[in-house]
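Asks: Single-letter residue listing:
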Amino acid sequence: MLFPTLTYALFFIAVFAGVWALGDRNRARKALLVAVSYFFYAQWDARFCLLLLASTLANYGFGLAVGAASDRTKKHWVAAAVAVNLCVLGFFKYYNFFVESANDLFFQLGLVRELPFLEIVLPVGISFFTFHGISYIVDIYRGKIAPARDPLDILLYISFFPQLVAGPIVRASFFLPQLAKAPSPILDQVPRALGLILVGLFKKTVVANYLATDLVDPVFVDPASAGTLDLWMALYGYAVQIYCDFSAYSDMAIGFALLLGYRFPDNFDRPYAATSLQDFWRRWHISLSSWLRDYLYIPLGGSRGGTILTYRNLALTMVLGGLWHGASWTFILWGSIHGVGLAIERALFGDRQIGRWGRLIGWFATFHIVCLAWVLFRSQTMEGALGFLGGLTGNGGERLYSTPFLISLIVLSLAAQVGPREWVQTKVGRIGTLSWPVLGLLVGIALAVIDALGPEGVAPFIYFQF
Amino acid sequence: MTPRTLLYSFLLAALALGILNSHGLVRWSRDVHPAWLADRLLPLAEAWDGAMIAIGADRSYIYVRNTLGALR
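Each protein sequence line maps, in turn, to chains S and C.
Each residue of the first sequence is one higher than the one before, starting from 1 at the first, in my numbering.
Each residue of the second sequence is one higher than the one before, starting from 1 at the first, in my numbering.
The reader is advised that the hints may include incorrect statements.
As the list claims (entries may be wrong) - Label-pair ranges, simulated between beta-carbon atoms:
no., chain 1, residue 1, chain 2, residue 2, range
1, C, R59, S, T7, 45 to 55 Å
2, C, R72, S, L386, 28 to 38 Å
3, S, P455, C, E46, 22 to 32 Å
4, S, N395, C, L44, 57 to 67 Å
Said to hold, decoys possible - Chain S is faced by these chain C residues, among others (derived, beta-carbon under 7 Å):
no., residue
5, F10
6, A13
7, A16
8, N21
9, G69
10, L71
11, R72
Keep in mind the hints are simulated off the structure, nothing from the lab.
Please read these numbers as outputs of a predicted model, since none were measured by experiment.
No residue lacks a Cβ here, since even glycine has one placed at the ideal position from N, Cα and C.
Looking at chain S on its own, in the form it has when it is part of the complex:
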């Protein structure tokens, strides 16, 4: 059940009506939200509801154990919980990748040994609910939250449908306190919620879908037959597409959660306006980058062990961040580029302030490093990525895909990254002053216009595969 569909709209309206009809009955509210979240998840593959339930109940048990353990045994419980979470993720997501890599290695070493491949279906959202589980356990261990006594709390925290399949990754310490009592209607947040949902729909249904179907997909499928201009436009086009696709999902998730009375953290902050890679990672997929910082980079030692260890920790965090996205060498190399880039940036500039021209050069360099690294992220194979990158230095070729319409879409989308945000927020804020019939008509007209502007059908969100 994808957000930009009528099926989801009807589902959400029913949930909205049911949840607010329950008023102050907090447990009933949470039970209803858990039930509809499992129903939502079952629309992809009902079998994996059991996996989601088992993972949640295991984390609930581990949480109680960590909370009750002495300081001496606490660490063992945390290690066991993290290991169980990572084993589940590792089996479903990485088993065949490691088998393939091991078999290649055995072959290189001249050993006749074939480890068996398994036909494994990747449960949608597994990377996200695994990270939620780890966040819950580690937050208890660090004393940020008490273990949830009511299983409904942890069931809802991990399965809450707006964030279940593609984030944002919400910290247990951020979300669980919101479940202590029934939320009062966040009516001052309605304009923001509707603004996020409508802008998200536009970004996904119009911008991301056109760029994907008319430019990025055909060029990446066969980069050898594309002209140089097409390759460059596909390079920039994919940067815009993945931003509009993923930030749209996050925007809508935040908006839907707000309408139900819950807050999620922001996940994007105009990432292509970043003037350094460090700045980029403060603006792109913020919930993942801060998760990696707090649950991986800092436990590895962060910047406490001297210069060399800091670089190692940065690089390792980004490589593992790359691997989190998918079981492929292209993702590992993508993470490595960012990790090495961050280390070089730290070595060259540290925390030094740079001037206006420095920021401009920094923006240009950062934007192009990010765009070039996206080629690895998008390509199915390393050969495909290298073929694409090699073609960028080519000379001419026939222009097949880069129409003025698509080029305008790319330019306008990038320009919006530096647009007047406050002006937009003021305009969106006026929604709150409208009467309900006017609001309803405007939302209906906006939905119809967005649907009319987009191509037929809705492609799945890119981050569902992670």
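With chain S fixed as given, assemble chain C onto it according to the hints.
Replies: Just chain C, lined up with the frame of chain S:
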């Protein structure tokens, strides 16, 4: 605004969408699961679509679509 009035807004938005994009309702009805539900919904959606075409409610949707098609 209360959750109740916001719900009314959503229902009105759904109605406006159904009026302006009645073709979309037919497309959606074809893909509804389970099939028995689609079989019941489809004739209703087609009748609704016919009524909207008769009063010209689909013109603005088609205009926007054609304009963008020309731009592409």
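Asks: Evaluate each hint against the coordinates.
Replies: Against the structure, the hints come out as follows:
1. C:R59 x S:T7: 45 to 55 Å: Violated, since R59 (chain C) and T7 (chain S) (Cβ atoms, about 26 Å apart) do not stay within the stated range.
2. C:R72 x S:L386: 28 to 38 Å: holds (32 Å)
3. S:P455 x C:E46: 22 to 32 Å: At 23 Å between Cβs, range holds.
4. S:N395 x C:L44: 57 to 67 Å: holds (59 Å)
5. F10: holds (5 Å)
6. A13: With Cβ-Cβ at 4 Å, under 7 Å, it holds.
7. A16: holds (2 Å)
8. N21: Holds - the Cβ of N21 (chain C) comes within 7 Å of chain S, reaching about 5 Å at its closest.
9. G69: Given a least distance of 10 Å, the restraint on G69 (chain C) is violated.
10. L71: Given a least distance of 5 Å, the restraint on L71 (chain C) holds.
11. R72: This interface hint holds because 5 Å falls under the 7 Å limit.
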